[in-house]
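Could you build all of it, start to finish, from the sequences and the hints given here?
Listed below, chain by chain, are the residues.
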Amino acid sequence: MSAGWRRFGAWALLAAGLLGWEFLARAMKLSALVLPPPSAVLAALWQGLRSGYFLPHIGQTVLELLLGLTAGCALGLASGVLLGESAALRRLLMPYVVTSQVVPKLALAPLFIVWFGFGMTSTVVITALICFFPLMENTMTGIAQVDARRLELFRMLGATRWQTLLRLKIPAGLPGILAGFRVAVVLALVGAVVGEFIGGSQGLGALIIASQGMMDTPLMFAVLALITLLGLGLYQFAVALEKRLLKSRMTTLQKEIKK
Amino acid sequence: MSFLDMEQVSFTYPGRPDVVQRVDWRIGQGQFHCLVGRSGCGKTTLLKLAAGLLQPSEGRITLHGAPLAPPGPQLGFVFQSPTLLEWRTVLDNVLLPLSLSHKPTSQEVARAQQLLALMGLSAGERHYPRHLSGGQQSRVAIARALVGEPAMLLLDEPFAALDAITREELQDDLLALCRLRQTTVFFVTHDIAEAVYLADRVAVMDCGRIRHDLQVELPRPRGRQIRYSPAFNALCAQLRAAMDGGAP
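Chains A and B, in that order, are what the protein sequence lines are.
1 is the number of the first residue of the first sequence in the working numbering; add one for each residue after it.
1001 is the number of the first residue of the second sequence in the working numbering; add one for each residue after it.
I should point out that these hints are in silico values taken from the structure, not numbers from a laboratory.
The structure displayed is predicted, hence computed values, not measured ones.
No residue lacks a Cβ here, since even glycine has one placed at the ideal position from N, Cα and C.
There could be a bad hint or two in this list.
Said to hold, decoys possible - The list that follows gives simulated cross-link-like pairs (lysine to any residue, SDA-like), each with its CA atoms no further than 25 Å apart:
#1 A/Lys247 to A/Ser2
#2 A/Lys247 to B/Gly1124
#3 B/Lys1103 to A/Pro171
#4 A/Lys247 to B/Gln1137
#5 A/Lys243 to B/Glu1125
#6 B/Lys1103 to A/Arg150
#7 A/Lys243 to B/Leu1091
#8 A/Lys247 to B/Ala1123
#9 B/Lys1103 to A/Phe8
#10 B/Lys1103 to A/Ser248
#11 A/Lys247 to B/Ser1099
#12 A/Lys247 to A/Gln163
#13 A/Lys247 to B/Gln1113
#14 A/Lys247 to B/Thr1089
#15 A/Lys247 to B/Arg1088
#16 B/Lys1103 to A/Ile170
#17 A/Lys243 to B/Thr1089
#18 A/Lys29 to A/Gln212
#19 A/Lys243 to A/Phe8
#20 B/Lys1103 to A/Leu151
#21 A/Lys247 to A/Gln236
#22 A/Lys247 to B/Phe1003
#23 A/Lys243 to A/Ala172
#24 B/Lys1103 to A/Leu245
#25 B/Lys1103 to A/Gly158
#26 B/Lys1103 to A/Arg161
Stated by the list, open to error - Sample of chain B residues facing chain A (criterion: CB under 8 Å; computed from the structure):
#27 Phe1003
#28 Ala1051
#29 Pro1073
#30 Phe1077
#31 Phe1079
#32 Trp1087
#33 Leu1100
#34 Glu1125
#35 Arg1130
#36 Gly1134
In structure tokens:
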């Protein structure tokens, strides 16, 4: 099957799913409160977009997401480099890192509201925290596991520690670091939305809570669709970044998979 | 005066018997010496000692009469595998030793390009290492070791993973490049014919000691016809007997 046909198949499956859902919702006479048909969701989506009702909410979520993602990734990268470089630091801090890894970060959201109050700060902090770990872990692993023969080469060339880090360890660990970024991007969306569930008055997460209060299920679905689109966009961005930065070392097989 | 001078050099990893035991070896300016021996006899360790990557536990090593400087671009080193950086182009890989200390000048870039051209790789300088065959990657590794115009080149079984014909081509390339600038070479191998073809003098190492020392009095430049000459075969047989522990 050619790539064109496969793509067509994927879209056809989506269309069939939506049609089936529409048919079921109408045939079973389900209340729109339980499962609105796609047509109602689309109408709510269109209504919200056209009236500009969604706009500030989207803006708020995107802003929190970007701030949290940037802060979390920067900190994760920096700590990953530190821990990857220093075996002593790793031995000292590893038990704490592992422990903090298993704490469900979202469970800390109420605490952050106590500390930072309702609103954007708490959400940004949760988002940053949730992005921090995949990036730190992958950076640390990537940097600590550089090929011993290459390290010997750099030693032979008289490279300083800083040069070895910048010109060997980070580039060599880049595939892992970018895989961590891809995970972080998806988790960031979870962090932002859940943060808004708990402490937000604006944003897509807050809008879901509001639609629940108003018993407006089509609106809820419409917001869910928006969140999904946002997530897809972010993920595609991460994949494109990966493709671009790793272009020189991708084998044909990897290229095919990434297509 | 000898160029590289090893006197009573020993090396021990803590808690283990000596890997290298009281080795004496001298390499004169511009000479090509090979070191042969079975796997695990301490060849690579001796080479790393000569490079300054390891410090001898006893004895001393001098280069031009002065103690060995810490590793740096003044020595060229070629490892068992090409160890190229797959995210840099071929040209950037060759320039790596220089670019660690400064931005390569246009002269140095030209030199790197010339080295690649001598290796028959000028068309591939903008490519990435994964586009190259194993033999081409080994060529890039040699060009990288030579780009800083080192006075001495150390090689650790650089051609072991290549097929016989590619290996012969690379041996000829290496000889030609080293003659060009009278580079002093210390070459580790386990291949008897390779050692005889390349070297002026061959050291046979066993259990950390140099057991035999064979002069190779074949004319230079050496070409393919030499590989099948009776003198060449006699030397190979002699070297083989030495490796078995017989009289050289």
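Evaluation of the provided hints:
1. A/Lys247 to A/Ser2: holds (24 Å)
2. A/Lys247 to B/Gly1124: holds (17 Å)
3. B/Lys1103 to A/Pro171: Satisfied, since the Cα-Cα distance of roughly 19 Å is no more than 25 Å.
4. A/Lys247 to B/Gln1137: With a Cα-Cα distance of about 19 Å, the restraint between A/Lys247 and B/Gln1137 holds, given a limit of 25 Å.
5. A/Lys243 to B/Glu1125: holds (22 Å)
6. B/Lys1103 to A/Arg150: holds (21 Å)
7. A/Lys243 to B/Leu1091: With Cα atoms ~23 Å apart, A/Lys243 and B/Leu1091 stay inside 25 Å; holds.
8. A/Lys247 to B/Ala1123: Holds. A/Lys247 to B/Ala1123 sits at ~20 Å (cutoff 25 Å).
9. B/Lys1103 to A/Phe8: Answer violated: B/Lys1103 to A/Phe8 is near 51 Å, above 25 Å.
10. B/Lys1103 to A/Ser248: Satisfied, since the Cα-Cα distance of roughly 22 Å is no more than 25 Å.
11. A/Lys247 to B/Ser1099: holds (22 Å)
12. A/Lys247 to A/Gln163: holds (23 Å)
13. A/Lys247 to B/Gln1113: The hint holds at about 24 Å.
14. A/Lys247 to B/Thr1089: At roughly 12 Å apart (the allowed maximum being 25 Å), B/Thr1089 and A/Lys247 satisfy the hint.
15. A/Lys247 to B/Arg1088: holds (11 Å)
16. B/Lys1103 to A/Ile170: holds (20 Å)
17. A/Lys243 to B/Thr1089: holds (17 Å)
18. A/Lys29 to A/Gln212: This hinted pair holds, its Cα atoms lying about 21 Å apart.
19. A/Lys243 to A/Phe8: holds (24 Å)
20. B/Lys1103 to A/Leu151: holds (21 Å)
21. A/Lys247 to A/Gln236: holds (16 Å)
22. A/Lys247 to B/Phe1003: The hint is violated at about 45 Å.
23. A/Lys243 to A/Ala172: holds (15 Å)
24. B/Lys1103 to A/Leu245: holds (23 Å)
25. B/Lys1103 to A/Gly158: holds (16 Å)
26. B/Lys1103 to A/Arg161: holds (18 Å)
27. Phe1003: violated (19 Å)
28. Ala1051: holds (6 Å)
29. Pro1073: This hint holds: B/Pro1073 lies near chain A, its Cβ roughly 6 Å from the closest one there, short of 8 Å.
30. Phe1077: Hint holds; B/Phe1077 Cβ to chain A Cβ min 5 Å, cut 8 Å.
31. Phe1079: It holds, given that the least Cβ distance between B/Phe1079 and chain A is near 6 Å, below 8 Å.
32. Trp1087: holds (5 Å)
33. Leu1100: This interface hint holds because 5 Å falls under the 8 Å limit.
34. Glu1125: violated (14 Å)
35. Arg1130: Cβ of B/Arg1130 sits 6 Å from chain A, so the hint holds.
36. Gly1134: violated (15 Å)
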